[in-house]
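Let the sequences and hints guide you as you build the complete structure.
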Amino acid sequence: MTSPSPELEHSARRLALKILIAGGFGAGKTTMVGAISEIPPLTTEERLTAAGAHVDSLAGVDGKTTTTVTLDFGRRTLTKPLPMTLFLFGTPGQNRFDFMWDELAHNAVGGVVLADTRRLADAFPALDFFEQRDVPFVVAVNQFDNAAHRYPAEAVRQALDLPADVPVADCDARDARSVINVLIILVRHALSART
Amino acid sequence: MSTDAHSAAQPEGQPSAAACVPWVDQDVQQVRPYVVVPDGRACPRYQMRLDTVLTATHTTAGAAPGTTQAGALPPEAAHALRLCRAGGCSVAEIAATIGQPILVTKTLLSDLIDTGALVIAQPAAPPDPDPDTGRPSAHLLQALLEGLEAHDFAVA
Chain Z
1 MTSPSPELEH SARRLALKIL IAGGFGAGKT TMVGAISEIP PLTTEERLTA
51 AGAHVDSLAG VDGKTTTTVT LDFGRRTLTK PLPMTLFLFG TPGQNRFDFM
101 WDELAHNAVG GVVLADTRRL ADAFPALDFF EQRDVPFVVA VNQFDNAAHR
151 YPAEAVRQAL DLPADVPVAD CDARDARSVI NVLIILVRHA LSART
Chain B
196 MSTDAHSAAQ PEGQPSAAAC VPWVDQDVQQ VRPYVVVPDG RACPRYQMRL
246 DTVLTATHTT AGAAPGTTQA GALPPEAAHA LRLCRAGGCS VAEIAATIGQ
296 PILVTKTLLS DLIDTGALVI AQPAAPPDPD PDTGRPSAHL LQALLEGLEA
346 HDFAVA
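In order, the protein sequences belong to chains Z and B.
Heads up: the first sequence begins at 1 in the numbering used here, then just goes up one per residue.
Heads up: the second sequence begins at 196 in the numbering used here, then just goes up one per residue.
Be aware that a few hints might be false.
Partner residues are not named here, just some residues of chain B that face chain Z (Cβ under 10 Å, in silico) [unchecked claim]: (1) V248; (2) T300; (3) Q337.
In silico lysine to any residue, SDA-like type, Cα no more than 25 Å apart, as pairs [claimed, not checked]: (4) K80(Z) with H334(B); (5) K80(Z) with N181(Z); (6) K80(Z) with E38(Z); (7) K80(Z) with S178(Z); (8) K80(Z) with I39(Z); (9) K80(Z) with L340(B); (10) K80(Z) with D175(Z); (11) K80(Z) with E344(B); (12) K80(Z) with S192(Z); (13) K80(Z) with R177(Z); (14) K80(Z) with A333(B); (15) K80(Z) with E341(B); (16) K80(Z) with A345(B); (17) K80(Z) with R194(Z); (18) K80(Z) with R14(Z); (19) K80(Z) with R188(Z); (20) K80(Z) with L343(B); (21) K80(Z) with H346(B); (22) K80(Z) with P40(Z); (23) K80(Z) with L335(B); (24) K80(Z) with I185(Z); (25) K80(Z) with H189(Z); (26) K80(Z) with A281(B); (27) K80(Z) with Q337(B); (28) K80(Z) with L191(Z); (29) K80(Z) with A193(Z); (30) K80(Z) with G329(B); (31) K80(Z) with I184(Z); (32) K80(Z) with N107(Z); (33) K80(Z) with T247(B); (34) K80(Z) with L15(Z); (35) K80(Z) with P41(Z); (36) K80(Z) with A176(Z); (37) K80(Z) with S332(B); (38) K80(Z) with I180(Z); (39) K80(Z) with G282(B).
Quick caveat, the hints were computed from the structure, so don't treat them as lab data.
Just so you know, even glycine gets a beta-carbon here, dropped at the ideal spot from N, CA and C.
What follows is the structure, encoded as structure tokens:
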């Protein structure tokens, strides 16, 4: 087997890190991935069928012969202080897709739970997932234009019954600076969990 | 199927307006996964995750797409190979771009690794992970933090 050419090797050997963005349907995951991705956000649709049950675990979806899980994907290259590629995965965060989550969570920096205050309960499966696997996470409250549903971060913390050390941040999933701010909070949180 | 039966019932030479409407069905247009993967296999032989990066090797770097196997590559595999020539590509990105499920994509990529056209880039995962959790080291997290803070996302 031959090795890649030096220039290819260089870019392929960039450090790869990943952050997961989870939340209920319509919470703004695709928007958030797209806000900071240098490529247009890609979506893969996995169709899980009964025929594939031996490979695609369908535990917990008894009686369902086919289901679709979508996965958003984006990436961002950082050059300083080290050349690295940040992979962003947007996932629906439903328990029944645990097998895919486990693969995603492997070696992940951490997770962002994107909460929509109109449907806050949709965030619970993602919270459970990160808590169970001890993945550091922050809750980002996506501020939609609808002012009637704006709640302060503390109210969201109470409603979700979050531990005191989990950061809660307001964000605008469309705005790159706002999203990057959330990621910075996440990385700081992941770092503080180490010490 | 009803459209099929309907058109079959039409006398030859007298197509009705309804019979001229092309039978468009999402499921039928899509090439079935067992056709995409030669021999209908659905089991990737190499350990790959969604963020595993693959690169094309010297053997094919200068050749036209799909020429290693003399045109024997399925179009999806040739597409995947082209993506990996441009400095490496992750499994998730390849799957989304060639429009195939992850498992089918991984199987196609396994074939390409077998032919020597692709290699799994090392390290695809961060080095020196935390020994307890397997997650990125504090050193690497610090670098990421600095990278995020320094990056000008206004140009994004």
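Now for the hints, and whether the structure bears them out:
1. V248: Because about 5 Å separates V248(B) from the closest Cβ in chain Z, which is inside the 10 Å limit, the hint holds.
2. T300: Nearest chain Z Cβ about 9 Å off; hint holds.
3. Q337: holds, 7 Å
4. K80(Z) with H334(B): holds, 14 Å
5. K80(Z) with N181(Z): OK: K80(Z) and N181(Z) at ~17 Å, within 25 Å.
6. K80(Z) with E38(Z): holds, 16 Å
7. K80(Z) with S178(Z): holds, 20 Å
8. K80(Z) with I39(Z): With Cα atoms ~19 Å apart, K80(Z) and I39(Z) stay inside 25 Å; holds.
9. K80(Z) with L340(B): It holds: about 10 Å lies between the C-alpha atoms, which stays within 25 Å.
10. K80(Z) with D175(Z): holds, 22 Å
11. K80(Z) with E344(B): holds, 10 Å
12. K80(Z) with S192(Z): holds, 22 Å
13. K80(Z) with R177(Z): holds, 17 Å
14. K80(Z) with A333(B): Holds, at roughly 17 Å.
15. K80(Z) with E341(B): holds, 7 Å
16. K80(Z) with A345(B): Status holds; Cα separation ~7 Å.
17. K80(Z) with R194(Z): holds, 23 Å
18. K80(Z) with R14(Z): With a Cα-Cα distance of about 12 Å, the restraint between K80(Z) and R14(Z) holds, given a limit of 25 Å.
19. K80(Z) with R188(Z): Given that 25 Å is the threshold and the Cα spacing comes to 17 Å, the pair holds.
20. K80(Z) with L343(B): holds, 9 Å
21. K80(Z) with H346(B): holds, 8 Å
22. K80(Z) with P40(Z): holds, 23 Å
23. K80(Z) with L335(B): The hint holds at about 12 Å.
24. K80(Z) with I185(Z): Given pair K80(Z), I185(Z) holds - Cα atoms ~18 Å apart, limit 25 Å.
25. K80(Z) with H189(Z): The hint holds at about 21 Å.
26. K80(Z) with A281(B): holds, 22 Å
27. K80(Z) with Q337(B): holds, 11 Å
28. K80(Z) with L191(Z): The hint holds at about 18 Å.
29. K80(Z) with A193(Z): Distance ~24 Å between K80(Z) and A193(Z) Cα, so the pair holds.
30. K80(Z) with G329(B): holds, 24 Å
31. K80(Z) with I184(Z): holds, 15 Å
32. K80(Z) with N107(Z): Roughly 21 Å between the alpha carbons, so the hint for K80(Z) and N107(Z) holds.
33. K80(Z) with T247(B): holds, 22 Å
34. K80(Z) with L15(Z): Judged against 25 Å, a Cα distance of about 12 Å means the pair holds.
35. K80(Z) with P41(Z): holds, 23 Å
36. K80(Z) with A176(Z): Holds, at roughly 18 Å.
37. K80(Z) with S332(B): holds, 17 Å
38. K80(Z) with I180(Z): holds, 15 Å
39. K80(Z) with G282(B): holds, 19 Å
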